[in-house]
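> Using the working numbering, you'd call the opening residue of the sequence shown number 288 and step up by one each time.
Derived from the structure by calculation, the hints contain no laboratory data.
Among the clues, some could well be false.
Stated by the list, open to error - FRET-style restraints, in silico, Cβ to Cβ:
1. Pro657 <-> Arg540: 28 to 34 Å
2. Glu417 <-> Pro913: 32 to 38 Å
3. Arg410 <-> Arg549: 41 to 47 Å
4. Thr466 <-> Gln358: 46 to 52 Å
5. Ser761 <-> Gln358: 33 to 39 Å
Stated by the list, open to error - Derived DSS-like pairs: lysine-lysine, alpha-carbon spacing no greater than 30 Å straight-line:
6. Lys909 <-> Lys607
7. Lys817 <-> Lys750
8. Lys392 <-> Lys817
9. Lys364 <-> Lys352
10. Lys607 <-> Lys655
11. Lys420 <-> Lys705
12. Lys812 <-> Lys835
13. Lys774 <-> Lys750
14. Lys465 <-> Lys420
Glycine included, C-beta positions come from ideal geometry on N, C-alpha and C.
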Amino acid sequence: MDDGLNAEQRSAVNTLAGPLLVLAGAGTGKTRVVTVRIAKLIRQGIQPDRILAVTFTNKAAAEMKERVGAQLGKRLKSMPVVSTFHSHCVRVLRCHIRKLGYPEKFAIYDRGDQESLARGVLREIRVPGEMLKPSDLLFHIGNWKTKCIRPQDAEAVAETDKEHLAAIAYRRYQAKLKTLGAVDFDDLLLLTEQLFTESQEALREEANRFDHLLIDEYQDTNGSQYRIVKALASGHRNLCVVGDDDQSIYGWRGAEVQHILRFARDWPDATVVRLEQNYRSTAEILEMSNRLIAFNKTRHPKVLKPSRSGGPKPRVEQFKTETEEAEGVVADIQRLLLSPDWEPRDFAILFRTNEQPRAFETELRKVKLPYVLIGGMSFFDRREVRDLLAYLKLLASPDDEVAARRIINTPPRGIGNKTIEQLTSAAVQEGISLWEVMHRPGPMQALAPVARQAVTSFCELIKSFRARVEGGESLVDITRSLLTAIKYEDDLTRTCADENETQARWAAVEEVVNALGAYESKARKPDLRKFIDDVALGDSEFDNEKDKQLKKNAIALMTMHSAKGLEFPHVYVVGLEEGLLPHHRSVEADGDAIDEERRLCYVGVTRAEERLTLTMALTRMKWGKPRETIPSRFLFELIGQADNPHARSAAHAAPARPAQGRRKTGRATSTTRTSPPKKTAAKKAAPKKNVAKKSTSTRPASQRPAGTPPPRKGQRKP
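Work the whole structure out from these sequences, hints included.
Here it is in structure tokens:
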């Protein structure tokens, strides 16, 4: 049967029962395998809604749903449940969270809400800002939560004075969240895990909903996600996990690569299928990629095999300074854009840190080439968006204290800071919400008459619009009326620097209303709380900012973390220097941290389809002075100038028979991962000292062998 699958892909698709590990290397057609397998399960008689597929991004979930529908070619009475981890946990908690002492209609706090709450907590325990800022507290709390450390255990693991203070504040923060009937993003996983541990009834009910469970990007699971998956699949054991340990790059946010490495130990009867046929990159790029990743000590052994031959050898370029590095890369892009075969969207410049793109932006502006910087300010961080969402949150749940505090005097309505402090103090003393305090005669009588009238008017405004929501009126109509009633556009005109800023901010407000309209048109029974949940989870109708940027015909500038899941014909991996890649924090930690940095470099180079360029600067500015750099150890590993017993078989692997013709690809295609760990320790590749001293000017790549850095004065080539 010619289904367009290779032998390994077909093996994964046809393994329909029991534990299955699909090790899907970069560019090996993972998404196709997953969706064809789901479609086959349905054709074999499995009820679609008895299949749960869990991904890490809403984009991946949407793509999976669309592809499964296309595979089946007909409208089903039900569809597979395709969801992100967090979205699925919200659904579980909405059904069962009362068992943990939370209200069914709990609020999900975003980063801004968390900062407001953290600020209040630090004020209550009298910790000055210079000792522990709200952002510092949230960093520690987030770090503990990703490691599944509960408030009562944080003090035991705290080491510094600041961490001990944060541990005390963590207890107060978590208690306050529960009092307010709210959870933060990390709680969605932790509370679901807690629910399954404490309530066998809830676990049984949720596990019995599905007969098949599929987890995408399994190497990115943290401890809570791992235990949730195990709990849900232990009964039927029909668990398929797809991933690649070689692309596990999120250790800093709790992901544990060991989960995919030990899958066969956790599920001894598991079938393991390796997808190694790469349909993205040329043989030359894959040879370099395989050589690099083979240096990692603990991994599932796997070699990416090209489906097509040819293509230029990857180039290594070194420049005197980071400014010349930017000039050289941009000049190369300019030259290639003279060809009608390429457009700006075919190019990506990938870097390790958020400080690196400045020089590239400067140069791109100078030569007037279009570019997008991926990962800038989120749409949801805009003041006007946060204001409107706070109003909507208050209409859905008036006890949402963070939302109430944000907009009680926005736009200004005569409720000053002193009044807000009085009301907040009364709320803390009485252990009730700000909304309740505003309806208590005692605290209200303590206010000045003008302030009391302003607070009363605010309450009447919210109650009148809440009545319209509960009456089932159109959410779009309610929101537009609300914006008119509070004269929000007038307030933007008053506070913005010029008309252009006013229009831009008002356009962002309109985007929120548009998203609400899109949600309302699709929902069978529109619910404001559901819309707000979707926004908090990133499931809303708002166009994902990253995807929106990538749709533009512009050169992409992004970190290697942001580039995961994407592909481009031309890729420049820049700043290949010790301290940048690998990052200095990882160099200091060494060990597993270096392995993750190597995986990050591997993700960067495997984004390239046709042409890969690696660059470094011989000096880089530090505090206003040029400092000499050391070439990255990864650079030597990539070009075969470092010893590694693991690398030899990978570097000299026989290429697969190339497929005919060049594959036409889109910009954003999902990627994948790899295989049982070897005990042999890889020798650490130390940079060769005779490579990174002073420079001569960089010669054009055409005048020297491809894949080698230019020589330096008085020194040999690497």
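> Decide, hint by hint, whether the structure agrees.
Each hint tested on the structure:
1. Pro657 <-> Arg540: 28 to 34 Å: Roughly 32 Å apart at Cβ, these two residues keep to the hinted range, so it holds.
2. Glu417 <-> Pro913: 32 to 38 Å: With Cβ atoms ~34 Å apart, the hint holds.
3. Arg410 <-> Arg549: 41 to 47 Å: With a Cβ separation near 45 Å, Arg410 and Arg549 satisfy 41 to 47 Å, so the hint holds.
4. Thr466 <-> Gln358: 46 to 52 Å: holds (48 Å)
5. Ser761 <-> Gln358: 33 to 39 Å: Holds, since Ser761 and Gln358 (Cβ atoms, about 36 Å apart) stay within the stated range.
6. Lys909 <-> Lys607: Given pair Lys909, Lys607 holds - Cα atoms ~15 Å apart, limit 30 Å.
7. Lys817 <-> Lys750: Answer holds: Lys817 to Lys750 is near 20 Å, not above 30 Å.
8. Lys392 <-> Lys817: holds (10 Å)
9. Lys364 <-> Lys352: holds (14 Å)
10. Lys607 <-> Lys655: Cα-Cα ~24 Å, so holds.
11. Lys420 <-> Lys705: holds (23 Å)
12. Lys812 <-> Lys835: holds (28 Å)
13. Lys774 <-> Lys750: holds (18 Å)
14. Lys465 <-> Lys420: holds (22 Å)
Comparing the model with each earlier hint shows no violations; every hint is respected.
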